[in-house]
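Work the whole structure out from these sequences, hints included.
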Amino acid sequence: MAMAALRREGRRFAPLISPRPITAVRSSPIVPTHEDEGPIGVRYISTQVVRNRMKSVKNIQKITKAMKMVAASKLRAVQTKAENSRGLWQPFTALLGDLPSVDVKKNVVVTISSDKGLCGGINSTSVKISKGIYKLNSGPEKETKYVILGEKAKAQLVRDSKKDIELIITELQKNPLSYTQVSVLADEILKNVEYDALRIVFNKFHSVVSFVPTVSTVLSPEIVERESESGGKLGELDSYEVEGGETKGEILQNLAEFQFSCVMFNAVLENACSEQGARMSAMDSSSRNAGDMLDRLTLTYNRTRQASITTELIEIISGASALEG
Amino acid sequence: MFLFLQPPLTRSHRTVRRGIVRRYEVDMVIVPATTGQMGVLPGHVATIAEFKPGVLSVHEGSETTKYFVSSGFVFIHANSFADIITVKAVPLDRINANLVQKRLVDFTQKLS
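Heads up: the sequence lines are chains A and B, in that order.
Each residue of the first sequence is one higher than the last, beginning at 1 in our numbering.
Each residue of the second sequence is one higher than the last, beginning at 1 in our numbering.
Worth flagging that the hints you see were computed from the coordinates, not collected in a lab.
Mixed in with the good hints there might be a few duds.
As the list claims (entries may be wrong) - Take a look, some chain A residues computed to stay more than 12 Å from chain B by CB distance:
1) V57
2) L96
3) L99
4) T125
5) N137
6) V242
7) E250
8) A307
Claimed, not checked - Computed list of chain A residues with no C-beta within reach of chain B, every gap over 12 Å:
9) Q48
10) M54
11) M67
12) P100
13) L136
14) E143
15) R159
16) D160
17) E194
18) S210
19) T214
20) K248
21) I251
22) C262
23) Q306
24) L313
Stated by the list, open to error - Here are the simulated PhoX-like pairs of lysine-lysine, each with C-alpha atoms no more than 25 Å apart in a straight line:
25) A:K81 / B:K102
26) A:K248 / B:K52
27) A:K174 / B:K52
Owing to the predicted nature of the structure, the values given are computational and were not obtained by experimental measurement.
Just so you know, even glycine gets a beta-carbon here, dropped at the ideal spot from N, CA and C.
So this is what it looks like as structure tokens:
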């Protein structure tokens, strides 16, 4: 009460004596500021702006922390599945090899990406690699087409490669990933797209902090025949007798399709794991940044608050001393 | 399912569903190939065979374990290693015959 009375007194006299408090140097009376203005000349420095910023930054920090937890739990769920599925394509690779350097006329690049964002740079790296493969395999008589899984790659590739996109598939992760779903997908792709070699681009999950962009190559049966005849890595294929079916070609066709669906299944799972892991680390660094920002804002807030208290004190004291003197 | 056949046969099983990778040495495997039941012993010639849904039996010494497998492939390599890859492999003792019959009837009805 007394303080308020003194303050009022000080207010009356402050403009006569020393209207410029020492700390309020940021603005001059001529230039309008966003600080609160009391009766003529007296300035209250507002902490409202800083307080609002602090509140919003704190909320953002809470949200990103929660997102990190969610991503961690989702990662745990998918990780076991992905590790189990690794055993699937290994026998195929042991038999048929993975030849990324094979030279074919019709390439199809299957880019696997996520639907949701906020997962770091994994989608951009997948797209960069897909474009790199496209450039690598361009030449006379050669054509490369894209098959896109996931919204993020679609957004990036539609911009400049629209005419080369054959198929776009999104909302893959609406239902938990299962082999049946992926085999239907693989079927669609094989039916609608002509290919000599399929190159699947995805992010392989090595650990929670490391995701390596990888390319798996699946060859069509004709190319397999061609490569095995010319010797080299697939040369031993001929030594295998093929049982059943009417012709060797038919069995090889089934084999290639099965291989494709197995490799796709693994690729989709690994990419899902990588997505969750990348999101975890992105959200983690985001919360840390928010924390740093909050610290800086708190310091500014305290400084502002103390400055306004000092201003008031000076006004009161100068008013009081004016009264006495 | 992967089966590695090594003298004696070694097998490793791998399925799509569970990704069970089991690798062990066995004496003989009988696979339900499309051309009929095929017995695989160590020293079998290198083969790629497709198989239709059926019963896979693994003979290990005097024990026999039977699995029901959906379709898949078996690669028999020259060094007596065999890889069996299927979509599903269920040990026979986990299958309930009555339930299967009932479901079969249900699905046939739904199809027609």
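Structure-based check of each hint:
With a least beta-carbon separation of about 44 Å from chain B, V57 of chain A lies farther than 12 Å from that chain, consistent with its non-interface assignment. For L96 of chain A, the condition that its CB be more than 12 Å from all CB atoms of chain B is violated, with the nearest at approximately 10 Å. L99 of chain A, annotated as away from the interface, keeps every beta carbon of chain B farther than 12 Å; the closest lies near 18 Å. With a minimum CB-CB distance of about 26 Å to chain B, T125 of chain A clears the 12 Å threshold, and the non-interface call stands.
For N137 of chain A, the requirement that its beta carbon stay farther than 12 Å from each beta carbon of chain B is met, with the minimum near 29 Å. Residue-level check failed: V242 of chain A sits 5 Å from the nearest beta carbon of chain B, not beyond 12 Å. Under the 12 Å C-beta cut-off, the non-interface status given to E250 of chain A relative to chain B is violated; the minimum distance is some 9 Å. With a cut of 12 Å on Cβ distances, A307 of chain A stays outside the contact zone with chain B, its closest approach being about 65 Å.
No Cβ of chain B comes within 12 Å of the Cβ of Q48 of chain A; the nearest lies about 58 Å off, and the non-interface call holds. Chain B leaves M54 of chain A outside its interface by the beta-carbon criterion, the shortest separation being 49 Å against a cut-off of 12 Å. Distance check on M67 of chain A: its Cβ is at least 29 Å (rounded) from any Cβ of chain B, clearing the 12 Å threshold; non-interface status holds. Listed as outside the interface, P100 of chain A is consistent with that label: its C-beta sits roughly 22 Å from the nearest C-beta of chain B, beyond the 12 Å cut-off.
Non-interface call for L136 of chain A relative to chain B: holds, since the shortest CB-CB distance, roughly 31 Å, exceeds 12 Å. Consistency note on E143 of chain A: stated as away from chain B, and its beta-carbon is indeed over 12 Å from all of that chain's, at 31 Å minimum. Residue-level check passed: R159 of chain A sits 36 Å from the nearest beta carbon of chain B, beyond 12 Å. In this structure D160 of chain A is separated from chain B by more than 12 Å, as the shortest Cβ-Cβ distance comes to about 37 Å.
Annotated as non-interface, E194 of chain A keeps its C-beta farther than 12 Å from every C-beta of chain B; the closest such distance is 24 Å. Annotated as non-interface, S210 of chain A keeps its C-beta farther than 12 Å from every C-beta of chain B; the closest such distance is 22 Å. Under the 12 Å C-beta cut-off, the non-interface status given to T214 of chain A relative to chain B holds; the minimum distance is some 18 Å. Its beta-carbon lying about 9 Å from the closest one in chain B, K248 of chain A breaks the requirement of being farther than 12 Å from that chain.
The beta carbon of I251 of chain A is not kept farther than 12 Å from every beta carbon of chain B, the shortest such distance being approximately 6 Å. At roughly 7 Å from the closest C-beta of chain B, the C-beta of C262 of chain A falls inside 12 Å, breaking its exclusion from the interface. With 12 Å as the threshold on Cβ separation, the claim that Q306 of chain A sits away from chain B holds: the shortest Cβ distance comes to roughly 63 Å. With a least beta-carbon separation of about 73 Å from chain B, L313 of chain A lies farther than 12 Å from that chain, consistent with its non-interface assignment.
Between K81 of chain A and K102 of chain B the CA atoms are separated by roughly 31 Å; this puts the pair beyond 25 Å, and the hint is violated. Pair hint K248 of chain A plus K52 of chain B holds up; C-alpha atoms about 17 Å apart against a cutoff of 25 Å. For the suggested pair K174 of chain A and K52 of chain B, the alpha carbons sit about 32 Å apart, so the restraint of at most 25 Å is broken.
In summary, the structure is inconsistent with hints 2, 6, 7, 20, 21, 22, 25, 27 from the numbered list given earlier, while agreeing with the others.
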